[in-house]
Amino acid sequence: MPKPEDFNLDHVANLARINLTAEEKARFASQLGDVLTYIAQLNEVNVEGVEPTAHAFPVVNVWAADVAEPGLSVEDALRNAPQKRDNMFVVPKVVE
Amino acid sequence: MPQELFNASVAELSRMMGAGEVSSVELMASVVARTKAVEGRVHAFNSFDEADALAQARASDQRRAQAKASGSPVPALEGIPVGIKDVISVAGQPLTASSRMLANFVSPYDATVTRKLKAAGAICWGRLNLDEFAMGSSTENSAFGVTSNPWDLERVPGGSSGGSAAAVAAGEAIASLGSDTGGSIRQPAALCSIVGLKPSYGRVSRYGLIAFASSLDQIGPFARSVEDAATLLGAISGHDPKDSTSLRMEVPDYNRGIAELARSGRKWKLGIPKEYFGEGLDPEVGAAVQAAIDEYRRQGCEIREVSLPHTRYAVGAYYIIATAECSSNLARFDGVRYGHRSKDATDALDLYFKSRAEGFGPEVKRRIILGTYVLSSGYYDAYYLRAQKVRTLIRRDFLEAYKQVDAILTPTSPTPAFKKGEKAANPLAMYLNDIYTIGVNLAGLPGISIPCGFTAGGLPIGLQVIGQPFKETELLAVARTYEERNGWRSRFPKL
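From first to last, the protein sequence lines are chains E and B.
Here the first sequence is numbered in this note's numbering, starting from 1 and rising by one per residue.
Here the second sequence is numbered in this note's numbering, starting from 1 and rising by one per residue.
Pulled out of the complex, with its shape left as it was, chain B reads as follows:
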């Protein structure tokens, strides 16, 4: 247990608050003080509302006292400050997507995940920075400044949910929510030495999430332990009539399931896809992931080589499908009903052209243009339809591998955190950074990144565990099997 409240886990803090050792107001005050101390260097937040957070904490302490008096159960996240990526709606709070387009937007309603977090007792804390409209892998595409990696302030925290990862790593939030379209939760979690989980597509409602690529987007948690990630997942999962892609499936008690699997002594069959260990993988990252695989073997797991032969086409297929969907989703930003409106427009059409030119940053413009092109007359079959067929093959590769193994182990990111500016001028190099995470989104699978070591220079390395559709409990149990045997969790960045 770390000495500072702001570095403790959800499980530890819940126990302490339950025992009356600390109040939610004290915890929130600790997180606010920490945030004020380090935020000038980290810049994880676009904004935060201290008075609102402390008011939520006071209300939580009152609810806890009432529950205690009446003997009723206390919900899983009672009094825990959870940071929210600034692309998920919280009623009455700003919602910018780190874009000038939405610089002054205030959410008129709660996202379903926000409503569920509140129902679970959580304090919705701050608006966390991201790559504009979640498009990027470094948080450098934010219109409101770059987030720093808490482990090395000269480097990026990853992205697009870089603020969500950096805040948890730096003690500015106990846990957080992000969104993952091609790796935007798992890659920053790896680069910041925390746990990041992308649930199966359809597990969590996307209502109130600003849409980027609707067939790929999924909301998920960042946390300091697999157990905490499971607690958050339990709080936000479930069918939602307001998201027709959310599935009617029972939400299990994930932590109970993990404990039962641990008691059963089940020995996992784990697949190592050879395509994820080739050219482009940093040797230190490769060695750390290999050491993690060896640890699984020592614990009696069966390690098998598997093949995902279409891996090399995943990035290409992704940048057709994701940009096509984004060009359609972002057509709504036209300067008419909300968002930036150009002051120089001469007529309605000119209003669209100028408002979008002024409101969107360069990466968003590039992706809208690419997506418009691949959907345009004469090119649809050659690009979009072909990419959708390749998507089928990528998905089939995974399902074929799962006939042999329970889960798949890979590096999360081919390299540790890179320096700010290093890839900013080269979009293709930035896209290739997502090579190990993108296939999971195309196939709709759950995936998690957990800390698995550091480079000699002190940069975090992440292990990705990829699970079978809707088997998050098994996925989390596999992750937990490794986590409990190492001490990466007890390391914190010096800030």
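The shape of chain E in the complex, shown without the other chains:
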């Protein structure tokens, strides 16, 4: 298992798309350091040959008939939009 000190908060916050203040960085680095140190005890467990569990009761191949059903109306779908116009979400310019 990696060492807790491998944890690079700036890199991970960038991946998570969250700006952190200097104060948050200092606090989170210390708190998450404690958590990672605690989590490191999973290294003690012998997991050789053990299959991973993603779900306690996995269900696979859940099919539905390919039939259109009524969904949200445009009005309902846009009801919580921070900004909208002409039945669309308005976002900052993405392509110059």
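One thing to keep in mind: the hints can contain errors.
Unchecked claim - Below, a list of computed lysine to aspartate or glutamate pairs in the DMTMM-like style, where the Cα atoms sit at most 25 Å apart:
#1 K118(B) with E69(E)
#2 K389(B) with E5(E)
#3 K93(E) with E358(B)
#4 K93(E) with D350(B)
#5 K3(E) with E363(B)
#6 K25(E) with D347(B)
#7 K423(B) with D152(B)
#8 K420(B) with E23(E)
#9 K343(B) with D86(E)
#10 K343(B) with E75(E)
#11 K118(B) with D76(E)
#12 K25(E) with D334(B)
#13 K118(B) with D52(B)
#14 K389(B) with E44(E)
FYI, nobody ran anything at the bench for these hints, they're computed from the structure.
Could you slot chain B onto chain E? The hints should help.
The following block gives chain B in isolation, referenced to the frame of chain E:
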């Protein structure tokens, strides 16, 4: 039977409404008046809509009158005010997850459990406070204020479904719904002296529940008795085409099943896992749980020591798996289609960074960051994959124990309710509070917390009963066996 309508059980109120002794409007008015009287101190709700609740109660009284006139059956929750955790959608009502991110969000549709509650005649009452996005064990992580424990207002009600537990304990709802990812129903139920049930994973549809950790989340009821919890479970259970993880299994009549098991005189084999009674367990909690175990023994149950050897790794595995899933689930909050949008963003990428920085509180940010890290390139196998393998071992421990016993008895929480602020600055200490509840979620099992006493200082203590997969009837029957022999239900907090 308590004197006040707002402290009565679903079963008592259903009988009274059926006999015409009280109407749903009178009951709702009693609950509204109680809520207005105590809510300033308890703060169980993020919001409630009195006019809407009374309109639902009037409609319920009309349905009951029509059913009576036509001789048709009255559904199980007709006219009962059921509080809803503010992470479950109710069409037209706010849905905040106690986050600034969703401060102004209004649900465009009903969750499946909401639709089922309405079909069973219930009044959907209020939006109950929680730790932001259900991440926490004290309800202190809410962006809209801390809920107080009705038994001691200086203390937390537990969490994350703290509002759901406090409302039922304080007489502000007759029953409620919460969600449980690592103990978020059972732990607050224990800390507030009520019944809280987490069903088997897949028993109840999660459609319309804001996702935290999808392989662990499950919706369940809070109530004043095992019988009421069984009634609510019956109303919300069942396969749902809109949740592909909900299972196609028949939903039994739980209360009839409990009664049949009681009549059969079945003597339960109950397991006591030694790993749940070690270091960190408060002596008063340990003594109360031991007294409950002795009560089971007196009633002829066979008590056996069992071992769940991987218990000590459950919290570590959980905080890898749950945070990984949350980092993925909460990626949808990007300020584009709904939720908080930063006013200062300069471009699309900046919009994500700033909207998420402004919208999420500290615990949610910590968990997203931890979850992003354990899934990131180079770390996935060491953290996430290893945690999933440990999850297999934890699950196997339980299934192995169930070869010997019908159910397992443990404390729900290692300590009674702690003081507000006591653990707020130390996330790891807060996480360790979930040590007895987390394994149940990792293994997908049903678990229930029932009141089993009070500390000398008057703080509630909960007994956890852990059942076998999809054997909720047996689980509830074991819980009922203890409940009917003690008087904890007749105690109410002084507010």
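Going through the hints against the structure:
no.	hint	verdict
1	K118(B) with E69(E)	22 Å, holds
2	K389(B) with E5(E)	24 Å, holds
3	K93(E) with E358(B)	21 Å, holds
4	K93(E) with D350(B)	11 Å, holds
5	K3(E) with E363(B)	23 Å, holds
6	K25(E) with D347(B)	24 Å, holds
7	K423(B) with D152(B)	17 Å, holds
8	K420(B) with E23(E)	23 Å, holds
9	K343(B) with D86(E)	21 Å, holds
10	K343(B) with E75(E)	24 Å, holds
11	K118(B) with D76(E)	21 Å, holds
12	K25(E) with D334(B)	21 Å, holds
13	K118(B) with D52(B)	13 Å, holds
14	K389(B) with E44(E)	13 Å, holds
Violated hints are absent here; each numbered hint is respected by the structure.
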